[in-house]
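Undergrad: Now that you have both chains on their own, put them together as the hints suggest.
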Amino acid sequence: AQSVTQLDSHVSVSEGTPVLLRCNYSSSYSPSLFWYVQHPNKGLQLLLKYTSAATLVKGINGFEAEFKKSETSFHLTKPSAHMSDAAEYFCVVSDREAAGNKLTFGGGTRVLVKP
Amino acid sequence: EAQVTQNPRYLITVTGKKLTVTCSQNMNHEYMSWYRQDPGLGLRQIYYSMNVEVTDKGDVPEGYKVSRKEKRNFPLILESPSPNQTSLYFCASSLWGVANEQFFGPGTRLTVL
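Going down the list, the sequences are from chains A and B.
Counted from 1, the first sequence has number 39 at position 39 by this note's numbering; the numbering is strictly sequential.
Counted from 1, the second sequence has number 108 at position 108 by this note's numbering; the numbering is strictly sequential.
The shape of chain B in the complex, shown without the other chains (with noise of 0.2 Å):
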């Protein structure tokens, strides 16, 4: 089944305490994005990746990092989180970028206390 996985799809941590989402796509997809979910705010990009070892800031970068070492990997690094970084985060592919429909992971909900 082509699909986007992220996990954990639950976490609460505590601040400064490093962790890392993963994320993985199984249909060759190109382009993989990050984004956070909070009320009203709808969905704002964190980070973005067009292919292996190419990846760019989107409009919410601060406090994260990713790696693209593999075209189907796509992990999503807090170094330190803080309480600001409480959120719904999803994870997506699309086959060559952001003309195309953008396949949505299931959801991480993370707890920053």
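Pulled out of the complex, with its shape left as it was, chain A reads as follows (with noise of 0.2 Å):
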């Protein structure tokens, strides 16, 4: 079986101050990893994606992450928020020897940034 668990439901950061996303998974051996953005009436966007390459990914909009196996977490992280960063985050998994073709998503994290 796989499961995320977003430890926050709400995040408020002062623009300008850095933002941190937590998210802790579980999977067998070798998930694939993912940050979804949803803006306010939007559809889902790809921050970015972890698939056994390096550790650190970067993604769009100055965001990254970093998977850490032995804390089976994929926290995500910017230096500095910006108004635009308000939105509702997801960290998903994915684990072909787990759950076949299947698609988990965490309970999202809502990001208010404040001026």
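Treat the hints with care, since some could be wrong.
Estimated spans, in silico, between C-beta atoms of each pair [to be verified]:
id, chain 1, residue 1, chain 2, residue 2, range
1, B, Lys18, A, His82, 42 to 50 Å
2, B, Lys57, A, Thr77, 34 to 42 Å
3, A, Ser30, B, Thr20, 32 to 40 Å
4, B, Glu101, A, Asp8, 23 to 31 Å
5, A, Pro115, B, Thr20, 43 to 51 Å
6, A, Asp8, B, Ser82, 46 to 54 Å
7, B, Gly40, A, His82, 21 to 29 Å
8, B, Leu113, A, Gly16, 41 to 49 Å
9, A, Ala54, B, Gly40, 26 to 34 Å
10, B, Trp96, A, His82, 31 to 39 Å
11, A, Lys42, B, Glu62, 42 to 50 Å
12, B, Leu41, A, His39, 17 to 25 Å
On the chain A side, residues computed to face chain B include the following (Cβ under 10 Å) [unchecked claim]:
id, residue
13, Gln6
14, Ser12
15, Leu44
16, Thr51
17, Thr55
18, Cys91
19, Leu103
20, Phe105
Please keep in mind that the hints were generated in silico from the structure rather than gathered at the bench.
Ideal Cβ placement from N, Cα and C applies to all residues, glycine included.
TA: Now the structure itself:
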């Protein structure tokens, strides 16, 4: 089985300060991990993905995430938040060995950026 | 323009009245899937399809049907909708499967009274 837990349902940051969104996953061996962003009233857009290459993954809009197998974590960070980062973020796992061709989403983290 | 389209975008219906939400992609993708989004639960996969005539259940398939007769289309069918199916629905597609980027449609907001 595979599962994803996003540890914070809401995160509030000031513009220009760092953002940290925490994600822990459970899977058998070699998961693919993703972060997607959903702006208000929009569909989801891929921020970045990890598929067993480099453990530090860089994505769009200055976001990056680090895969830590020992901690089963895939936290998303950005050094300096911008107002346009206000959105909901989803951590996603897929593990062909554990769950075939299914995708499992975390519950989401809503980010508020204060001016 | 490469895209996933869904219709309708908004639908209000009554319990028991059959409905279909269409999904179409123009990227020649093999993999297509349906999700429902509910507050605090993220997105949950309803059904997915690896290719034409190949469909499989996701995590919450009860009360839904799908078909994949053509590569580009993947309709979601609610034979007898119930109020607990009130949700925001997303269709998505990707080139080969779950290890690839998923391209999402704009969503369909369904209300079942």
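Undergrad: So which hints don't hold here, by number, going up?
TA: Violated hints: 6, 11, 14 and 17; rest satisfied.
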